[in-house]
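Chain A is fixed; fit chains B, C and D onto it per the hints.
These protein sequence lines map, in sequence, to chains A, B, C and D.
Heads up: the first sequence runs through residues 114 to 417, numbered per the numbering used here.
Heads up: the second sequence runs through residues 114 to 417, numbered per the numbering used here.
Heads up: the third sequence runs through residues 114 to 417, numbered per the numbering used here.
Heads up: the fourth sequence runs through residues 114 to 417, numbered per the numbering used here.
Source of the hints: derived by calculation from the structure; they are not laboratory data.
Be aware that a few hints might be false.
No distinction is drawn between identical chains; accordingly, a pair holds when it is met within one copy or between any pair of copies.
[Said to hold, decoys possible] In silico BS3-like pairs for lysine-lysine, Cα to Cα no more than 30 Å straight-line:
(1) K136 to K311
(2) K333 to K188
(3) K402 to K212
(4) K212 to K334
(5) K136 to K333
Protein chains: 4
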Amino acid sequence: MNAAIRAAVHQAADRRLTTIGIKHGFQGLLERDFLELDLCSVDGIIQHGGTVLRSARCDCFLTAAGQDLGAANLKSEGIEGLVVIGGEGTFRGGAALAKRGIKVVGVPGTIDNDIPCTDTSIGFDTALNTVVDAMNKIRDTASAHERTFVVEVMGRASGHIALMAGLAGGAESILVPEIPFDLVDICERLQCGAERGKTHSIILVAEGVASAYTLGEEVKKRTGFDTRVIVLGHLQRGGAPSAFDRILASRMGARAVEALLAGERAGAATFAAGRIEMVPFSRLFAASKRLDQSLYDLAAVLAL
Amino acid sequence: MNAAIRAAVHQAADRRLTTIGIKHGFQGLLERDFLELDLCSVDGIIQHGGTVLRSARCDCFLTAAGQDLGAANLKSEGIEGLVVIGGEGTFRGGAALAKRGIKVVGVPGTIDNDIPCTDTSIGFDTALNTVVDAMNKIRDTASAHERTFVVEVMGRASGHIALMAGLAGGAESILVPEIPFDLVDICERLQCGAERGKTHSIILVAEGVASAYTLGEEVKKRTGFDTRVIVLGHLQRGGAPSAFDRILASRMGARAVEALLAGERAGAATFAAGRIEMVPFSRLFAASKRLDQSLYDLAAVLAL
Amino acid sequence: MNAAIRAAVHQAADRRLTTIGIKHGFQGLLERDFLELDLCSVDGIIQHGGTVLRSARCDCFLTAAGQDLGAANLKSEGIEGLVVIGGEGTFRGGAALAKRGIKVVGVPGTIDNDIPCTDTSIGFDTALNTVVDAMNKIRDTASAHERTFVVEVMGRASGHIALMAGLAGGAESILVPEIPFDLVDICERLQCGAERGKTHSIILVAEGVASAYTLGEEVKKRTGFDTRVIVLGHLQRGGAPSAFDRILASRMGARAVEALLAGERAGAATFAAGRIEMVPFSRLFAASKRLDQSLYDLAAVLAL
Amino acid sequence: MNAAIRAAVHQAADRRLTTIGIKHGFQGLLERDFLELDLCSVDGIIQHGGTVLRSARCDCFLTAAGQDLGAANLKSEGIEGLVVIGGEGTFRGGAALAKRGIKVVGVPGTIDNDIPCTDTSIGFDTALNTVVDAMNKIRDTASAHERTFVVEVMGRASGHIALMAGLAGGAESILVPEIPFDLVDICERLQCGAERGKTHSIILVAEGVASAYTLGEEVKKRTGFDTRVIVLGHLQRGGAPSAFDRILASRMGARAVEALLAGERAGAATFAAGRIEMVPFSRLFAASKRLDQSLYDLAAVLAL
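Next up, chain A with everything else stripped away, as it sits in the complex (with noise of 0.2 Å):
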């Protein structure tokens, strides 16, 4: 995210404008925790992962009377428009803001990749490259044994890092929670695998799915295959960013303060069909983000 800040940051100071940083996200903006973010501030963060901004959960902005605040110290401190990065709940608050006649333009970072109206957001690609490389490492130890590897990944609600992680790393098996899976199906192209010579197989199942250790014991009894578990966790969400999401960030962030010189009160900077777009917050609270099904087939394909 922070090659987002520094894109808003530059993009404004090309244009002649002040930016100022909010830190701990809404939390800092009710504590009017506030600093001005000049280019220097910015200098040499595009390479750290997390954010200098830091972030924070903030029960209080979800009442009226928090958003009613949050307006008010944006307004006396003469903020004219706003840039917020996060997710959908980020982008909820950012609406409450709108209509309270905050410009508000919202940034999709989240790792989970569950943002309506956008093919990708911030983190997720660098989240896919983690699970990846922890693929290759666990393929790498490879033994005569028949083994199953099951790699548990983040993804409660939605099953995007699963799927694509999978099939960018040649997951044996895919569990999404927005698709029922058949466990004898799933060990039975684990002993098909085994019976062709395949010395290990992972399955990759996404946390919402089920837990990794359950899931193992299942297939273990099943199989009479050697079962390890790996719990990805939050390891996810760290690493420096990668080039593609470092790029993303920064059209994404310069484009955000673009929206708001241009007058956009409430909405958010996608990226859809290989270009920057803004979106209404009211058009993309109406969708809902599907997982393609296409790949999903093509991972089974690819599973053979």
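Frame of chain A, contents of chains B, C and D only:
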């Protein structure tokens, strides 16, 4: 490219087709260097760089006689459709075979990303990540001295790597073959940055523009800054493929087989506007690939 | 381990000896799964994790009958000296063959680093780097919340990975099987750190100590901090070997062949005090490997 | 080096001492660029390359007047002991202060690993891993052509990086300043390798030996092989520090503080025979660092 080979083999197996691999590209075609590729042959190749089939230049195939022999070899082997992976030269070879009655589909694979009609080619994202990783390492050593690094990247005739890596890595200047540069302006920026407190700057130069050494000498003479040169060369061709490249390659490889089955005679599986699309070779050869001027301008704003 | 195999083959070739590889370890020995290894067979294997010869468990070789057969197979194949790579179990197998008249040299290869008489084993440095890289990624996502990460690493009976990775990665607490831990003390430290402004803490736990999930629950109950679990599992066994491991493996592999030529009958090539030294199996089996208490104490000081 | 700073600060805090950091090395000492370092200031720095205190060359400190001022500044600030991190030049600066009554301990930190009396210096292992990673990437692109890569690494006067990285990465030839090389012999080996089926070779050359470009031209002229050049330059100075380097730095930094408390007046914390040992500056300056001939010979055997 292994991911594309693997996907083509799996897609073909799913349709009960037999796949024959041709080693060493067109040279192997002339020498009938065929080997059957079944599912087992492509197990565990997805995480490796390069290609299991190896590649080779083949001057002989540039002649009509060579192309006649190639087509004859394919026919006598009973090969009904051919998937070629590579750049525009490879596609032209494929088109020559297509004229001789072979169904051919091209898959764009070149780190230079200089193939028209496709937003990106297999290998480009991986190369970008390698360059950006190098830029991170260079920035780590920032010292109190004003120091300028000149980093030479691939691109004899095209500046896609330089531009996109420069955008992602936050290069202070980006020199590409497509756009003339002004050394006076570059040196002024360096001095500006130094005055603002930047302890170091990176000039990213595509190899087709100028030698990094010559450029470094010139910058040193004009600014007095300590200037160091890094030449990444073939480093950019290797490395474990990124998640993005593997997914792209898997989709393109599978689509190439689909297209052959659907009767495609001479076209390429491209990636445009977020989708895999078939483009006839004739249209692709007539088109030209341009740098995205808006991204070049964005890079200039980010380099402020 | 590939680097050790490559070094042994090269060293042998330099002395005009023929090298035979045994696939799948002792199981392959019983099944006469031999293949000649010349210089070509080990070209380009040094950068890959795992081993080209594959490994396998072999219960049958634990019996005297199995060991008799193994020795007979070696003799009938004309193999005059054997290099075994692995942990103490592998060395005991080697010692059993030595008793049957085979010259055997062991090369320590286990990521657990639990082999006595050697400061480090092949694979340990690579595993450490994998764990430390994971810790970096976890730290990147530090948020304004007090958050505690419990990271489970390998080590059923030994805490070498946990201790050294904890030292390198700056873990706030390190739990190893060799030293009892006090949960009250751990929770107090976490609270101390939080009061000082630490936004997150990492508890590194060897798998032999406790389940990361149980531990995480307990910590959460006592401190109220948001606790997240990462289980690295077999991730730690893979990855491109580090420079240190390759140099160590190359030295040990070459030395093993030298030692056989010099008449060694039953010993291991160890790394102690910065040098490769031969240690008789008998001495190695009688010794025990301890955690370095001074490093454990240093880790505690660094975790202040 | 951050790990060494962090360890020194923690060790001092554990002994209830106050730590003052001096920014920009000796230059900062002359300019009284002091800042107090408490535990918080060194939280989360361990995973970053470079140094939080920045470094700088300081010609002024080479004079007696400069050294007098430096000692006076330390005394007036109430600093009772000084830890300096760097190469032999830094240690000589430290020794000059020691003569003026300041207790000084040196910590060896240079990627060249050219400091006598210590087996390795902080940063060397990280640099090796960077070079070896580059070599892996180069090997990935092996083609059917005979191709030779000339990789220039750091080392104006010392070949430690070239030798050890060449050993780890399996270089076909290693050129170091300490040992004369024979181009005829190198070209013969290349041709031998090609005849045996090697598709590519890597010549690793320390920058002090020859320009990679000149060498590449010469090799091409003699062998006819396609020759490509990579110049790694400052890439080798950056990157997240390896586990080995962090542990080494932590141990050395803590030991430096221990040594000052124990009354050390002018010595360095070295790593020899697997242990951290104090060596008086006088002995260190009188010694010289040699390449390990046995490792050079081993590299030649492995390059067969």
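Now the hints, each set against the structure:
no.	hint	verdict
1	K136 to K311	between (50 Å within a copy, 16 Å between copies)
2	K333 to K188	neither (60 Å within a copy, 40 Å between copies)
3	K402 to K212	within (25 Å within a copy, 44 Å between copies)
4	K212 to K334	neither (56 Å within a copy, 40 Å between copies)
5	K136 to K333	between (48 Å within a copy, 27 Å between copies)
When each numbered hint is compared with the structure, violations occur for hints 2 and 4.
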